[in-house]
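Colleague: Letter by letter, the chains look like this.
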Amino acid sequence: MRKTLLACLFIFLMSSISVFAQKSMITGKVVDVNNEPLIGVNVLVKGTTNGTVTDIDGKYSISAPSGSTLSFTYVGFTAQLIKVTQNVINVTLKEDSKTLNEVVVVGYGSMTRKDVTSSITTVKADKLNTGVYTDPGQLLQGKVPGLTIVQSSDPTSGTASISLRGASSLRSGAAMEPYYVIDGIPGMSLNLVAPEDIESIDVLRDASATAIYGSKAANGVIVITTKKGSKTDRTSVSYSGYVGFDNIAKRLDMMSASDLKSYAAANNITLPNDKGSNTNWNDEVLRTAVSHNHNVSINGGNERSSYNASMSYLNKEGIVLGTEFERFSGRAYVQTKCLNDRLTLAFNVNAAQSKGKTVSSNKDGQSVFDAMNYYSPLLPTKNEDGSWYNYTAVNQYFNPLSMIYEDSYQTVKKDLQGTGKATLQINKDLAWNLNLSYENEQINYNNYNTIQSQIVNTNGNAYRGTVENKKKVLETYFNYDHTFANVHKLGLMAGYSYEQSDNNDGFGLNVYNFYSNATSYYNLAFANKMDMSGISGYGLETLRMISFYGRLNYSYNSKYMLQATFRRDGSSAFGKNNRWGTFPSASLAWRMSEEKFIKDLNVFDDLKFRVGYGVSGNSLGFGAYQAIQTYGPSGWFTYTDANGNSSLYRTIAAQSNANPDLKWERTAMLNLGLDFTFFGGRLGGTIEYYDKRTSDLIHPYSVSTNRYPYGWMYANVGDIDNKGIELTINATPISTKKFTWDTSLNLSHNKNNVKSISNSDYSVAYIASGDPEIAGYSSNAQVERIMEGHPLGTFYTYEWAGYNSDGVSIFYKHDPVTGERTGETTKDPVDTDRTITGCAQPKLNLGWTNNFKYKNWSLDLFFTGVFGNKIYNATREQYSNVSFVTEGRNVLKSVATEQRATDVQSQAPSDRWLENGDYFRLSTLSLGYSFGKLGNWVNSLKVYATCNNLFTITGYSGRDPEINLGGLEPGIDRRTNYYPRTRTFMLGVNVNF
Amino acid sequence: MLISNHLKIELTMKNYIKNTLLAGLLISSVTACTDLDVDIKSTYTSYPSSEIATEAKMADLYYGFRGALGRRFTEAVWLSSDEFTAVTYGGNWYDGGNYVHSTLHMSNPDDAHVDWLGDITGAITKCNRAIVDLGGESATDESIAKALAMRAFYHFIFMDMFGDAPILDHVVAADEAIDRSPRADVAAFIENDLLRAINSGGLSENVDASTYGKPTVWMAKALLVKLYLNWAVYTCGDVANYEPTLANAKLNDAVKYCDEIIKSGKFNLSDSYRKKFMPTNGYQIKDFIYAMPYDNATAQGLTYARFQYWPKFNNDGGTGTGLLGVTLSKNAGGIFTVTPEAADRFSLVGDERNDIILKDALNTYNITTFDKTTTPYMYNGKRVVLTKNVTLLNPLDASMNVGDNFDGWNQGYRCIKWGIQASDYETYNRNQSNDVPIFRYADILLMKAEAILRGATATNGDTPMSLFNQIRSYVKAPTLTTAPTLQDVLDERGREFFSEMWRRNDLIRFGQFEKDWGLKHVVNPAAKTQKWRRIFPIHRNIMNSNTNWKQNTGY
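Protein sequences, first through last, are from chains F and H. The first sequence stops at residue 1044 when you use this note's numbering, and every number in between is there. The second sequence stops at residue 562 when you use this note's numbering, and every number in between is there.
It is possible that part of the hints are untrue.
[Said to hold, decoys possible] Under the rule of at most 27 Å between Cα atoms (straight-line distance), these lysine-lysine pairs were calculated in the BS3-like manner:
| no. | chain 1 | residue 1 | chain 2 | residue 2 |
| --- | --- | --- | --- | --- |
| 1 | F | LYS312 | H | LYS389 |
| 2 | F | LYS414 | H | LYS557 |
| 3 | F | LYS864 | H | LYS557 |
[What the hints assert, rightly or not] Take a look, some chain H residues computed to stay more than 10 Å from chain F by CB distance:
| no. | residue |
| --- | --- |
| 4 | LEU43 |
| 5 | LEU393 |
| 6 | GLY561 |
[Unchecked claim] With the C-beta cut set under 8 Å, the calculated list includes, among others, these residues of chain H facing chain F:
| no. | residue |
| --- | --- |
| 7 | GLU359 |
| 8 | ASP414 |
| 9 | ASN551 |
Please keep in mind that the hints were generated in silico from the structure rather than gathered at the bench. Cβ coordinates follow ideal geometry from the N, Cα and C atoms, glycine included.
The shape of chain F in the complex, shown without the other chains (with noise of 0.2 Å):
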């Protein structure tokens, strides 16, 4: 009160002195840095509630007292103070430097982009990819450096694989991928967030970041926060829907009917399966796939409460048939103030229920992706009874048509998230929150065979499981704030959090043997046999991770920050000796351009050194009870009592050996970071270098059955290690009143070593990976070799030297001790003829935003590369083997013209198949219109058409460079599992009423 008084004594005593001093008339223009007029910009005598607005040049009017202030404020615009000293007073206001002030969310908490001392990329919803997308990683591909994206055009998985700053595991899927964080709850389903859903998507890239989730935050956190309501009195109701259509982007040029004729003609081949037919199956199997997704949600509230409702809608086809994907899901969140408004409570309710259907994709042929490729054009789809066509005589062969129509395989998931928050200001500095959640994940697999069936041949098949997932969120924790004489900044967190998973609660059944397909897999009792060994083996595991946590930021006047965080987790998983550990971090900023000396260069809106380092770790990717001995059921064996009657009984064995000691994978990791802005926000980046060591790696070793009941053990070995740069350059070299030019291009390199993989007790010479799955060559096949001193993803195969005399395929052999060269050549390679002879990894990964805006259109084109990696062409291997064509099955066309007929060893391992993957691609084009306001409709209005993977530049001979780059084997363009890429033509409008 004493305050708000001395402030009223204040402005009386300074109007007052105003009024003694002499006005005149001040005029001017205001100008943007472009030097367009600025229309309706705010001008008023400080202190006074006299003022104006600039008129359609940007001119302006005022009459204010010599030294008195005018002040211009325009929305968007750095407002300007100005004493008054002569009459004609020109300003020009720079832009906003958004960046500067936007919230950015750092993990129990938030704050503004100026004081972070860490690597922190955050991505607006408007800044996201559109397209017919699923996850969030589809959302992110080619945004963040450092994130590392590869997209799947299967309906049923939005992405194939998703790494940050390199892989730094040996162990692949949760283990390699960023932990995700929404709206503040660890851990929880991305199927439960719909892509409009999205506020922001915040990606903590440094350890010093993420290490406020300690144990689990080893390759990065994306925290998502969702749309919460607003607060401006008023109900706003809107719809955003899009309709697309894909298509395979590119096809393998497979031989036809006719191409094969006259292949075999010309190499005195007798093709044993010539039916007459010309059938291309690529035509058969794929389709124009269209998809729909609908978007309603309501918003609203006031200062104290505020609410947010949504229902989507998805449906997408996939372009092979028989594949689609559909979700719904709804959410509804309020929040509200009560308790004199300093008790914030907020409920959230999540729900989804999503459907996918695929096609068979597995090994020995049974893949509707790699037989619509091979099955030969020569047969026809179906007999003259109608039933399909079945060629029996050729091993691991089966219709593609059949595959997808008489065995279909479909997962439900429902996926129920509940959520309470309350924040409780217990004074003006300190705050109390309380988080809970709890979710329950659904699957459902029905799969059927037909008594037609190709591939099961038990008289109709079928397998129901169901498995539910659980898990319960506490976290609690308190935020203190303070600023101390204006300057000192201080800011303390600390906090607890309690989770525990109850997951793979389930069981599955596979019977068979059916007098008719008429019940499907809707009833299995109707089926005349089942084995013990059809039932599955899901099996209850219990993971629990407490954590204590704490974090102080410290920042003077925004120049200098320092921040240190502290966590320590314990879980369940590990071995009773090593359960807890702990994860710290510290990181520094200095913001150089509030110094004078950079000031006074007037260059530098912003520049701002950071440097940090931390420790996170990494727990997830194995079973919650490897570090324990267990024994299951494991084959059977033939009891006898006493009275001599004999049944059968399960052997018990055991399954996983006990290691006390198993411990948290570490990683540290020293960030070197440096943000600037010039010329008024108009152009501004970061750099970063980090140096990231991950130790104790976990990975399960072949420990010898001598000394242990089982020949595997979970145990922490190796190092690897990952250094980087990264680059992100923001611009806007365009910026007129009716056009602007944004610009945003980041560049990111990598560079992965595995420094050991063995110790004293655990060690192996290397570990070989990455099976390309060809014909003939089941055994020692991988192509890749995790060894000491080289990345993941090394290329380790024989080099073929062309061909003998009789036209079979050569390879160098090299000295079983040297390695080197022996100069000789082989027909038949041995092990160790195998050499070094590229790497999975790229040097470069590129993303490259573009925004045009003219008027109320808008263009966007977003550009992604990857630069100097290497993908074993495993396809175009099995493609170019000769012996298909007589064994009767399809080839790649080239084969005619660069293969020989001759050649039966084109299918040993070598890097005759290693190819270029560099490739640079247009992957989103986007033309939108804004209507703007309509009467008093419709608020806005706006309509687009985008285009994703219109082209691709790129050297690359397979049908997508775009390969797998995660996990142990990344790189290998693989034909079973592999779903063709699309091109998708949307069309979408976002309406606001």
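The hints should help you fit chain H onto chain F, whose structure is shown.
Modeller: Only chain H this time, still in chain F's reference frame:
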């Protein structure tokens, strides 16, 4: 404050109760909130203790060889012997050379056919754990006799195939070094364990359903005979130095245990040769002393027919039946051809064993009885005619390519000793239900004959000829009128135990493992002199997890 006193007191009371409750909650929650011991509800963390579970645990000791015997072990022993020659079809079935390496005596430490030793050492560890569970040091030999017998068997397999082996007579401690002991020491250790087991009285003498596939006293004695007959091989030091002329001090012991088995009267040769190897075989076969039970659904791992039969089980989608009178949806692989030298042995007049060889112009078979029909086997309109000799597309081609076409598939005779059922190929992914004999009564008879021929004292009026002719008689082959030579015994063994597990072992004992046969000496003449190939290399995976071991000489 406008609260009345009355209300105040009530509030204080309430606060007291609340605080007490809170304090209690706090204390319990401090321990609860750091508790990481989760309930494990879905798996066993200790071995169940019921009586049948104890049997199940022992069963786990019995069947440690099932996986290897069903496939990879046989790739090593069949293909490296004169029984089978592996071929490849175009590029198919080359598989990094796994099969042809064994055939050409070019095995290396990366070949899958030697990648099963972990099963064997794992089974030994299980034996030792079972011994600990049964009392360890204080257990009587009687109570641990079965574990001793199995431990001896697994050591035997290791030593016979790979030479020096670790002597694992206890559960190895976590930091204890394990070294391989000389083969002779391992043989002595095996002998000792077997004698302990036999003399303890802990092994059953019954031969019925309840003892089938399990270590009985007869199994232990048969193994002892096998060990004694090969004693000179195992104790000669360097395996490359072994000569069949070396003296064997254990021959009389071999005869002694043969006699105990013969005299028991538990076994005979009353079953027909063909029926013994059909999917319906089992404990009722009087010739089986010890066998590995397989079942296409519950005891999987046996896929012999996949490799031994003609490659196709159907008729090109056209008319006519397949080789077995029915059309099966899954094909065979058919890459193991009968070596001409082996095929020649199956030419005795009237010998029932001749029927296991598929040769020349084929007729179809009845899949139920496995009798040959009079219907010619036509594939895609063409009569299938197999050639005895294998002709490679390119002579001297170490990938053994015969081409992936009708001509290629018809190279070489095939073997149908191991009959299949339709469901093996329709439902169970080529898994068969035939039990595989490891020790047979017929083997005991021929081993006794051989031991006497090598110098053991004849007993019980048996002569090599009388023993030999027991075999000839039951298979309706001509009997001998003069004493058989050692070579006769080896050839008879080649007929009687064809495609079982002993041919490699026999050839080494007779000094004939380096002889010329099939295309081995043509494509890889070096094999003639590389006597160190009498044992296989230790697979790279095993070397990686036993870093102190030395690879076998030559590899």
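Colleague: All hints are to be evaluated individually against the structure, with a verdict given for each.
Modeller: Results for each hint:
At roughly 22 Å between alpha-carbon atoms, F/LYS312 and H/LYS389 fall within 27 Å of each other, so this suggested pair holds. For the hint linking F/LYS414 to H/LYS557, the alpha-carbon distance of about 37 Å lies beyond 27 Å, and the restraint is violated. A C-alpha spacing of about 25 Å is found between F/LYS864 and H/LYS557, which places the hinted pair at or below 27 Å, so the restraint holds. Not every beta carbon of chain F lies more than 10 Å from that of H/LEU43, the smallest distance being close to 4 Å; the non-interface claim is violated.
Chain F leaves H/LEU393 outside its interface by the beta-carbon criterion, the shortest separation being 18 Å against a cut-off of 10 Å. At the 10 Å boundary, the C-beta of H/GLY561 stays outside the reach of chain F, the nearest C-beta of that chain being 13 Å off. Contact between H/GLU359 and chain F, as hinted, is not supported at the beta carbon level, the nearest pair being about 30 Å apart and thus beyond 8 Å. With its C-beta approaching chain F no nearer than about 10 Å, H/ASP414 sits outside the 8 Å limit, and its interface hint is violated.
Checking H/ASN551 against chain F: minimum C-beta separation of about 5 Å stays under 8 Å; hint holds.
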